[in-house]
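Peer 1: These are the residues of each chain, in order.
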Amino acid sequence: MSAATTTTPVTTASGQPLTRPPSGKLRDWATRAPLLPALIFMVVVTQLPFVATLVISLFDWNALYPDARKFAWFANYGDVLSDPDLRKSVLTTVVLTVTVVLISVILGLALALLLDRKFRGRGFVRTLLIAPFLVVPVAAALLWKHVLYNPEYGLFNGLLHLVGGDGAPQPDWVSNTPLMAVEASLIWQWTPFMMLILLAGLQSRSPELIEAAKLDGAGSWQIFRYLTLPHLRRYLELGALLGSVYIVQNFDAVFTITSGGLGTANLPYTVYQSFYQAHENGLASAAGVLVVIGSIIIATFALRVVSSLFREEVGRA
Amino acid sequence: MSATATVPAGRTQTATATPEGPRKKNKGWLGLVAWLVGIAFFLPVAWMALTSFHSEEDAATNPPSFAAALTLDGYRDFFGAGGGASPWPALINSLVSSLGSTLLVLIVALPAAYALSIRPVKKWTDVLFFFLSTKMLPIVAGLLPIYLFAKNTGMLDNIWLLIILYTSMNLPIAVWMMQSFLAEVPVAIIEAAQIDGARLPTVLTRVVAPVAMPGIAATALICFIFSWNELLFARVLTGVVAQTAPVFLTGFITSQGLFLAKVCAASLVISLPVLAAGFAAQDKLVQGLSLGAVK
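Going line by line, the protein sequences match chains A and L. Under the working numbering, residues 1 to 317 are what the first sequence spells out, in order. Under the working numbering, residues 1 to 295 are what the second sequence spells out, in order.
FYI, nobody ran anything at the bench for these hints, they're computed from the structure. For clarity, every value in this text was computed on a predicted model and none was experimentally measured. One or more hints might be untrue.
For the chain A half of the interface with chain L, some residues (derived, Cβ under 7 Å), not all of them [to be verified]:
| id | residue |
| --- | --- |
| 1 | P34 |
| 2 | L35 |
| 3 | M42 |
| 4 | A52 |
| 5 | V125 |
| 6 | V136 |
| 7 | L143 |
| 8 | Y153 |
| 9 | I197 |
| 10 | A200 |
| 11 | Q249 |
| 12 | T256 |
| 13 | F275 |
| 14 | V291 |
Restricting the straight-line Cα-Cα distance to at most 30 Å, the calculated cross-link-like pairs of lysine-lysine (DSS-like) are [what the hints assert, rightly or not]:
| id | chain 1 | residue 1 | chain 2 | residue 2 |
| --- | --- | --- | --- | --- |
| 15 | A | K88 | A | K70 |
| 16 | A | K118 | A | K214 |
| 17 | A | K70 | L | K151 |
| 18 | L | K284 | A | K118 |
Computed list of chain L residues with no C-beta within reach of chain A, every gap over 12 Å [what the hints assert, rightly or not]:
| id | residue |
| --- | --- |
| 19 | L70 |
| 20 | Y75 |
| 21 | G80 |
| 22 | W88 |
| 23 | P89 |
| 24 | I92 |
| 25 | I159 |
C-beta: ideal position from N, C-alpha, C; glycine also.
The whole structure should be built from the sequences, with the hints applied where relevant.
Peer 2: In structure tokens:
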């Protein structure tokens, strides 16, 4: 894809109507040309910095001592993997992602099934349920940290006080269960997202098929187990995968609610901290590369699922 | 909506035809459950809204005061009456960077999606996967080089840098979504336009865009929401001048209860554009979030 070969065909694409077919090669380029701006943009803005991160990860480089920068092979990776704090942040990332995705998918499925039924005010209830997903993540995190979790005047302890009187327990949520505090706020934000995707899936079921099953005497559970669930499979996978991609990268909630303290620092927060506060460029880059490797593991799985989804689509067309 | 409305009607018909008393009863009960869960999920937002209209004193009581007098002090404080920085520059920066990058995404993604959906390139699924795979590349993976680049070229604290980065953040999803929306544009009308001698830009703006408008709108909405919400890039790459609204909000992280009403007012004002857009375009949001997988 050198620049020299692209320049002529681009003018062909816009300069000639496609109905006058040029030679095969030119025609190929004419169909590819509209893709190029997006491709080049993505390579320059996302791939080049990543290559730079790879290179920096091989250097022993503290930004405060630029003169002491030296090539260190894979020493940074050794440091990252042997540092108990960093190892812990790997574990935290996994626990956080799995917990949030799993619970929000299950809750989202339950809510989608509820909202798939017709009842009075269904549209309004859906609007209420979407709200958490539409609150800016930093604002949502602030809301949970100050307005809900605060041990002295937060809503949670206020409600406990209201129900249990003066002797009611008044836990300090963030200090006692920091990771759960972060998870709860994220589950609250992501359940509506899962609900929306699964609701779309439910509403694309064929009503005739369900009618037919009912006439054959199938019960609600049988319809759910053998018709609804298989139909929802790709929507469940899509929701789980998109959720994973975003929650592996979560920065806002960790940064806002605990500032990475109390064992809640995940990899993105650790990378941010090691270069933004500790100025350890080499270490931060190595940790960043490790985040990518983790994401590639998820992505490989993700792309396989999406490509099977895709084959179905092509098969139908 | 009309299609979904007819389905339950058919269901009730069979329900009356066959003796299914208990299920009918179930339905009302589950509707109530849905209402309760909906209210539970909305409660934090409602409480945030109520608190934003309380005085700081009433906001910080335990047990909570539901009937306290309402006041606009929280909003006055947020907009700078009580001293402190004005949020307007940050709000304007957010608006400029979100709208700017959304526009840029559409300009770049539309031709790409067109090439991928209407005139498939050989190995076109590979190209699509490349786009999607860049989305799997975490932001932190390229953050440091981008920071160093910006620092050395004087681009730090510059709104244009954010626009470019938000574009790269949303472009993969936009291409992916739009190619599935554009696949529904009938090829015949595109070919007709080409026979009339229309060139690519004309085909895109006059033929493809009007037909695929709902899909394009859904894409734009989602790109806007993700850009408006973004914190990590903005936090690392902006300072005073190009600070965005989420970065402005991080100023409240350590603030204690004295400013509870102000925190709530700030959170609500900054979430308002996304809340309004999301509520107004719920169906589009659903369509877009399922990445066009819903047909």
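Peer 1: Hints first: check each against the structure and report whether it holds.
Peer 2: Each hint tested on the structure:
1. P34: This interface hint holds because 3 Å falls under the 7 Å limit.
2. L35: 4 Å, holds
3. M42: 5 Å, holds
4. A52: Since chain L brings a Cβ to about 4 Å from A52 (chain A), closer than 7 Å, the hint holds.
5. V125: Holds: closest Cβ of chain L sits about 4 Å from V125 (chain A), inside 7 Å.
6. V136: OK, holds: V136 (chain A) within 7 Å of chain L, min 5 Å.
7. L143: Since chain L brings a Cβ to about 5 Å from L143 (chain A), closer than 7 Å, the hint holds.
8. Y153: Nearest chain L Cβ about 4 Å off; hint holds.
9. I197: 5 Å, holds
10. A200: At about 5 Å, which falls below the 7 Å cut-off, the nearest Cβ of chain L leaves the hint on A200 (chain A) intact, so it holds.
11. Q249: 5 Å, holds
12. T256: 6 Å, holds
13. F275: Holds. Min distance 5 Å.
14. V291: 5 Å, holds
15. A:K88 with A:K70: This hinted pair holds, its Cα atoms lying about 28 Å apart.
16. A:K118 with A:K214: Roughly 18 Å between the alpha carbons, so the hint for K118 (chain A) and K214 (chain A) holds.
17. A:K70 with L:K151: 21 Å, holds
18. L:K284 with A:K118: 21 Å, holds
19. L70: The assertion about L70 (chain L) holds, with a minimum of 17 Å to chain A.
20. Y75: At about 15 Å from chain A, Y75 (chain L) clears the 12 Å cut-off, so the statement holds.
21. G80: Per Cβ check, G80 (chain L) is outside 12 Å of chain A; nearest 18 Å; holds.
22. W88: 17 Å, holds
23. P89: 17 Å, holds
24. I92: 16 Å, holds
25. I159: 16 Å, holds
The structure agrees with every numbered hint stated previously.
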